[in-house]
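A.B. asks: The lines below spell out each chain.
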Amino acid sequence: MSSFSNQVITNDDEGGIKTYVMPTKVKDVVTISGSMIGGSIHCDKTNSKTAALVSSMLDKGTEKKDKYEISETLESVGAELSFSSTRYHTNFTGFCLKQDISIVVSLLAEQLMIPSFSSDELVTLQSRLCGNLERDKENTKKLAMIHFLRTLFPEGHPNYRETINDSIDLVSKITKEDLFNFHKKQYGPGSIKIAAVGDLSPEEFNKQIQSSMSGWKNKETTIPKAGEKARQPREGNETINVQDKTSADLYIGQAIGIDREHKDYYALMLGIYILGGNFSARLMQTVRDKQGLTYGIGSSIAGVSFGADGYWSIWGTFAPDIINKGIKATKEQINLWFNKGVTEAELSAKKTTIGGSYKVSMDSTAGLVAKILSNAEHGREISYLDEYPKIIESVSLSEVNGAIKKYVNPNKLYMVSAGTL
Amino acid sequence: MSQKNNNKFSGYDFVKESAGIEEYTLVKNSLRVLVLEDHSAPVATFMVTYHVGSRNEAIGYTGSTHLLEHLMFKGSRNFNKDKNTAIWTELQNIGAQINATTWNDRTNYFEVVPSEHLDKAIAIEADRMRHAFLKDEDRQPEMTVVRNEFERGENSPFDVLDKNIWATAYQAHPYHHSTIGWRSDIENVSTERLKSFYDTYYWPNNATVTVIGDFNKKKALASINKYFSEHPPSHEPIPPVYTDEPDQEGPRRIIVKRTGQTGIVGIAHKTPKGLDDDTYSIQVLGKILAEGKTSRLNKLIIDKGLATSIFMYDFPFLDSGLFISYAFLTPGTDHKKIEDIIIKEYKNILENGVSDAEIKRAQAQISATVAFSRDGTYAVASALNEAIAIGDWTFYTNFMENINKVTGASVKEVIKKYFSEDQSTTGWFIAKEPRV
Chain X
1 MSSFSNQVIT NDDEGGIKTY VMPTKVKDVV TISGSMIGGS IHCDKTNSKT AALVSSMLDK
61 GTEKKDKYEI SETLESVGAE LSFSSTRYHT NFTGFCLKQD ISIVVSLLAE QLMIPSFSSD
121 ELVTLQSRLC GNLERDKENT KKLAMIHFLR TLFPEGHPNY RETINDSIDL VSKITKEDLF
181 NFHKKQYGPG SIKIAAVGDL SPEEFNKQIQ SSMSGWKNKE TTIPKAGEKA RQPREGNETI
241 NVQDKTSADL YIGQAIGIDR EHKDYYALML GIYILGGNFS ARLMQTVRDK QGLTYGIGSS
301 IAGVSFGADG YWSIWGTFAP DIINKGIKAT KEQINLWFNK GVTEAELSAK KTTIGGSYKV
361 SMDSTAGLVA KILSNAEHGR EISYLDEYPK IIESVSLSEV NGAIKKYVNP NKLYMVSAGT
421 L
Chain P
1001 MSQKNNNKFS GYDFVKESAG IEEYTLVKNS LRVLVLEDHS APVATFMVTY HVGSRNEAIG
1061 YTGSTHLLEH LMFKGSRNFN KDKNTAIWTE LQNIGAQINA TTWNDRTNYF EVVPSEHLDK
1121 AIAIEADRMR HAFLKDEDRQ PEMTVVRNEF ERGENSPFDV LDKNIWATAY QAHPYHHSTI
1181 GWRSDIENVS TERLKSFYDT YYWPNNATVT VIGDFNKKKA LASINKYFSE HPPSHEPIPP
1241 VYTDEPDQEG PRRIIVKRTG QTGIVGIAHK TPKGLDDDTY SIQVLGKILA EGKTSRLNKL
1301 IIDKGLATSI FMYDFPFLDS GLFISYAFLT PGTDHKKIED IIIKEYKNIL ENGVSDAEIK
1361 RAQAQISATV AFSRDGTYAV ASALNEAIAI GDWTFYTNFM ENINKVTGAS VKEVIKKYFS
1421 EDQSTTGWFI AKEPRV
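Heads up: the sequence lines are chains X and P, in that order.
All residue numbers for the first sequence refer to the working numbering, where the first residue is 1 and numbers rise by one.
All residue numbers for the second sequence refer to the working numbering, where the first residue is 1001 and numbers rise by one.
These are calculated hints, taken from the structure and not from any lab test.
Treat each hint with caution, since some may be false.
In silico SDA-like pairs for lysine to any residue, Cα to Cα no more than 20 Å straight-line [said to hold, decoys possible]: (1) P:Lys1120 with X:Thr352; (2) X:Lys67 with X:Glu80; (3) P:Lys1257 with X:Gln243; (4) X:Lys225 with X:Ile258; (5) P:Lys1304 with X:Glu134.
All chains should be built: construct the whole structure from the sequences, respecting the hints.
C.D. replies: Pasting the structure below:
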């Protein structure tokens, strides 16, 4: 198998934009995905939603084109270009046919560089976003997750979440000036990373990026270190009542106090994967397959990127009348896993799973682009993508079981359930 | 090597080729096999599509196709927990993506595997085609799993409204019930009924195998032959569905009220069978109405802040289906206002037609979607799966050519033919205030 190092062509232009281009044998199609530093963590302390509204307004018009002209340009060739934001980044993704790359890149540059932020469009967007947030009030999974994270992390921590009502309030308050100010402060080529995969030429793509974004003033911007740490884990149980729901959502977990760069990360990640990372993991094999208590249950580590101390959690769904049985069965598995550890056979199987999954994720341009961009955002060399399976392979059984003992405390798990309970 | 010689493989009859995809029949049992080599990535997708879905069910055993699909993972003669070769474990331990899905007209099982493991996927699917255990002791816990899947769906106001619209639009035809079935049928259907279902429909002559990706065609076909040839064709003919939906003789309405936050409007009209020539014009119409910011309903509804989102769907099915436009209302928006806007726009197209620019834009959008449906082995297999389900896999390979034949006149014609008020089913989801 050819390595990523051999196939991905990297380029670092004078303006600071880094590109990662991987031509593949797929015919005609190209997927482009990129990001720049500038997410909710970079917002003014009074309103963490500004970054999200700025990215959502990028397709609502530029100084040269209104939103219909932008859409017409894309839709006339069947291309798509969308923007979003996360805690740390503003992201963009484009899908197009190979002959239309220049159209997409040129529009991308225009939308990022000179958005118009029309007042009328802002009002319409706010109405839509608030409508979506109102709808979230009946989303049992979202409600359980928000309450779970608000308990684990204090305000100011990257993993903290606002309540839905707070979010509605924040979205409603944002003004056109807020949008311009954030754009002026945060948007620039200095931290832009773009991955492109498919039927394309790296040289041509880089030329198009350079010509479209030349003259854009560089901005030095970084991801600030998280100022707050997670709260000390404590045992707790919270129930959120939502009427007329036939299935309830459950979160159980705790903060782990480490980020993705910590030496114990891979060992802990593998331990949690063995507990509930896929269908053949313990939780699905017992709570679902053997006992029939849920359609889905799994465990994972999250919130560990860019220096943030993250958390591990289990998420599952249960009928309200059997949720207590589900909780009991889940806790039995946590205790068994914690007290007896995982076996060499389980670890070996999961290592093979991860190695194979790695190949399977190359099945599409979208899968490849996501992998390459995420690697670049974390500041890693392309060679890391080739080394990853070897890193996983090198983790020992004693390291995995040691990490479970060190970072998991079954006596201090926090649990939130939401539904008609 | 000439194309002719390249199609001769022991045990197979070559049937046809379209867009690089070759169709073969396994002579011994009439299993249909579709093959496309693609060495873009070290990955292969293996898929078995059974020509059975929820349209083959009736009252008392709705949801059986789906419940059976779940039981198919509980073990078979050679792949089971006792032998330490359980299907999920065998496949996930090599990093495969595996799953199965059930819909109106078909059930499919698939594995996306690192290409060196293709043989294992073939062996597993062949084994469970006729040797699945289907034990009652497995059905009992799996029933509650499926019931929770049903309950999760019921949590969503959209899912509930959509089910109600289908159930109102179709009265006799089995598209009346959703694929997951009615709750009481999920709970009470017997293992014997599921076994009977399996023994009626799970035969090589009622299945299509698709293999796409990084493999050697000769070796892959030899492997399929090796594993699947042990099965004879069905002893009885596969029973056809003969229930026709009676003509609809007036508009129908359904209202669902439940505690919630915001309303939803859905307006449905019956569409022709998926393989009907009108399907292509209806697909283009859907894009003109609701795809992208320049679409008509987007301008009339979203840009005015009346809804948070709109979308329409018209999935081509084996039998007549539904074209449904949905709008998710912003707080305070009146359901009737949205309904009137959508209906008025249908009438506008009926009277004034659509522009050439709209047709071209819709065709370009579909063209890109078709190109991306070739991005990856799973994407190809998945798109083929739906075409297989409606009765002709070349629906997928010829789709774009047929879309490009659509004209303004043909779009106007389908509005006239299928979008009359008397053929409509309108559904409202009304959010009730929480009880104190």
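A.B. asks: With reference to the structure, classify each hint as holding or not holding.
C.D. replies: Quick rundown of the hints versus the structure:
1. P:Lys1120 with X:Thr352: holds, 15 Å
2. X:Lys67 with X:Glu80: Given that 20 Å is the threshold and the Cα spacing comes to 14 Å, the pair holds.
3. P:Lys1257 with X:Gln243: holds, 12 Å
4. X:Lys225 with X:Ile258: holds, 13 Å
5. P:Lys1304 with X:Glu134: holds, 18 Å
Checked against the numbered hints given earlier, this structure breaks none of them.
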